[in-house]
Amino acid sequence: MKTIVAITLKGIFRDKVFQGIMVTALMFLFIPIFASLSMRQVTELTITLSLSLISFILLLLSVFLGGTSLWKDIERRYTFSVLGLPLSRRSYLLGRFGGTALFVIIAASVLGIAAFCVVAYSSSIYPSDRPIVWGSMILCILFDALKYILLIAFAFLLSTVSTSFFLPVFGTIAMFVTGGVTQQVYEYIHSPASKTLSPFLKQTATALYYIIPNFGAFDLKLYAIYGLPLPANGLLMTSAYFVVYVGLLLSVSSSIFTRREMR
Amino acid sequence: MVKTVFATLACLVLYGILIVPFTEYLHNRPFDEKMGYIPSVTALRIVAADHKELVAASLVSKVLMYFGGLSVKNENDILPILPDYKRMSGILHGAVKLDPYNMDAYYFAQSFLTWDVKQYKLANDLLDYGMKYRTWDWMLPFFAGFNSAYFMKDYPKAAEYYKRAGELSGSELHFSLAGRYMQESGQTELAISYLSAMEKGERNPAVKKNYQIRLSAFKEAHRIELARDKYRQERKAEPATVEQLVRAGYLTPAPVDPYGGTFYLTPDGKVATTSKFAFGGKKDNSQNDGESHERN
Numbered sequence: 001m002k003t004i005v006a007i008t009l010k011g012i013f014r015d016k017v018f019q020g021i022m023v024t025a026l027m028f029l030f031i032p033i034f035a036s037l038s039m040r041q042v043t044e045l046t047i048t049l050s051l052s053l054i055s056f057i058l059l060l061l062s063v064f065l066g067g068t069s070l071w072k073d074i075e076r077r078y079t080f081s082v083l084g085l086p087l088s089r090r091s092y093l094l095g096r097f098g099g100t101a102l103f104v105i106i107a108a109s110v111l112g113i114a115a116f117c118v119v120a121y122s123s124s125i126y127p128s129d130r131p132i133v134w135g136s137m138i139l140c141i142l143f144d145a146l147k148y149i150l151l152i153a154f155a156f157l158l159s160t161v162s163t164s165f166f167l168p169v170f171g172t173i174a175m176f177v178t179g180g181v182t183q184q185v186y187e188y189i190h191s192p193a194s195k196t197l198s199p200f201l202k203q204t205a206t207a208l209y210y211i212i213p214n215f216g217a218f219d220l221k222l223y224a225i226y227g228l229p230l231p232a233n234g235l236l237m238t239s240a241y242f243v244v245y246v247g248l249l250l251s252v253s254s255s256i257f258t259r260r261e262m263r
Numbered sequence: 001m002v003k004t005v006f007a008t009l010a011c012l013v014l015y016g017i018l019i020v021p022f023t024e025y026l027h028n029r030p031f032d033e034k035m036g037y038i039p040s041v042t043a044l045r046i047v048a049a050d051h052k053e054l055v056a057a058s059l060v061s062k063v064l065m066y067f068g069g070l071s072v073k074n075e076n077d078i079l080p081i082l083p084d085y086k087r088m089s090g091i092l093h094g095a096v097k098l099d100p101y102n103m104d105a106y107y108f109a110q111s112f113l114t115w116d117v118k119q120y121k122l123a124n125d126l127l128d129y130g131m132k133y134r135t136w137d138w139m140l141p142f143f144a145g146f147n148s149a150y151f152m153k154d155y156p157k158a159a160e161y162y163k164r165a166g167e168l169s170g171s172e173l174h175f176s177l178a179g180r181y182m183q184e185s186g187q188t189e190l191a192i193s194y195l196s197a198m199e200k201g202e203r204n205p206a207v208k209k210n211y212q213i214r215l216s217a218f219k220e221a222h223r224i225e226l227a228r229d230k231y232r233q234e235r236k237a238e239p240a241t242v243e244q245l246v247r248a249g250y251l252t253p254a255p256v257d258p259y260g261g262t263f264y265l266t267p268d269g270k271v272a273t274t275s276k277f278a279f280g281g282k283k284d285n286s287q288n289d290g291e292s293h294e295r296n
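Residue numbers (the UniProt record's numbering), protein chains in the order written: chain A, 1 to 263; chain B, 1 to 296.
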């Protein structure tokens, strides 16, 4: 499995994905200029823009790497030669997932360093009233990476049942949008404002809330931007949620992929 | 090859011709068009996904750029265009719903809502909303205190805001302002007790001295208040001047304003001073506008 992880990582670098990220990361250079337009919170705006840029790049990586990795192998018939080796399908799938997830962590780390440089530069020119909590920024980027790894796991699940890349790519995008609002929907249907909704609709929405991944919990931007105290208990629960949910998705994916008929 | 070069050159020329009117058209679009359709906050929350802070910042930036652009335009125009303040306010209110910590939105909204639109209550409601989130920020209560005192003449509320601003900033100025407005709102005793506590806790000698002077002035004002009330009670009449209270034996010794001013009674019986409880604030009694340095 380690070999598959290494091959996956090498393949991503060979496809010049990293160079693509670096080109997009050039936008970091413009962040201090744009943030200087703020009247009262230049540093906060710099952090907002930096974290959003990282999140956006990681989203693109998750959708395109996660949604096309397995499909590409099957399409190019690489799977036949690889699975001819003494390697289980499950190890192959987990190796592919591990390699992609590792690349997301590497990309997040590099982009995080770029963000720190930009924030340090901005705050040296326009000192902020609020302290910059670097630890919160690191945790914010880490939890962002975890969120996108979870999304990749979902993309892999869709890839195991799909014969084209449309379902994994568009399904992953749809899941990203849906997973970002499930908490709001849950809170709405459990508030007095939803009394006009039918009980069936409420029960369906509640059931979906438990099934669909909840990405809202991974969003720590507000804490990082304004240096607010992080909820330790919440972070622990979110981490546990990540482990359990990814484990569940990968088990189901492995189970489907093992039984899948390859043509 | 020649055809391709020719086609490229032709496109470049056409682009050059088109880009100027195109930019002009975009630049001169009306506000609604320029800002684009902005969906409700609920819809924006869904669309923004995990970029709510970014969307909020972009809304604020849109309003700022619109306002800035219009200001420049109006400087060079014979017929200036009035900014669409209602829309601007709506967008900034939406921005703080997405990111309740965004200081730019509060700062900018409160500035035009008070000075330009005269929506003081709306401005203070927005600042109150911000105070729930930016619990460390002394600026929001400071702005609200100023709005309450200067625009709304609601001195008890101003004192409350300035007290909060003082607690957050540790600034002597805010505490002094809070004490002053407590006094002006007729809560002299409260102001005295508040300033006494501040004076006791202050370690900086200069600041401590400042508190002591203000405290001494308020105590003198309170002495006049008590004398006036006693005069009213015993003589069933209103005293005309502070000197009358001294002459009648209700006020001994005569009150001294440590700021160098002279205490006097306003026609409605309030105690005021020509110094406005500040050094350098002394002016003729007759010129006194009675705006903010009287008390019941």
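Worth flagging that the hints you see were computed from the coordinates, not collected in a lab.
Please read these numbers as outputs of a predicted model, since none were measured by experiment.
Warning: the hint list may mix true and false statements.
Claimed, not checked - With a straight-line Cα cutoff of 30 Å, these simulated DSSO-like cross-link-like pairs (lysine-lysine) come out:
#, chain 1, residue 1, chain 2, residue 2
1, B, K200, B, K270
2, A, K195, B, K97
3, B, K219, B, K236
4, B, K86, B, K97
5, B, K121, B, K86
6, B, K219, B, K153
7, B, K209, B, K121
8, B, K132, A, K195
9, A, K202, B, K270
Hints breached by this structure: 7 and 9
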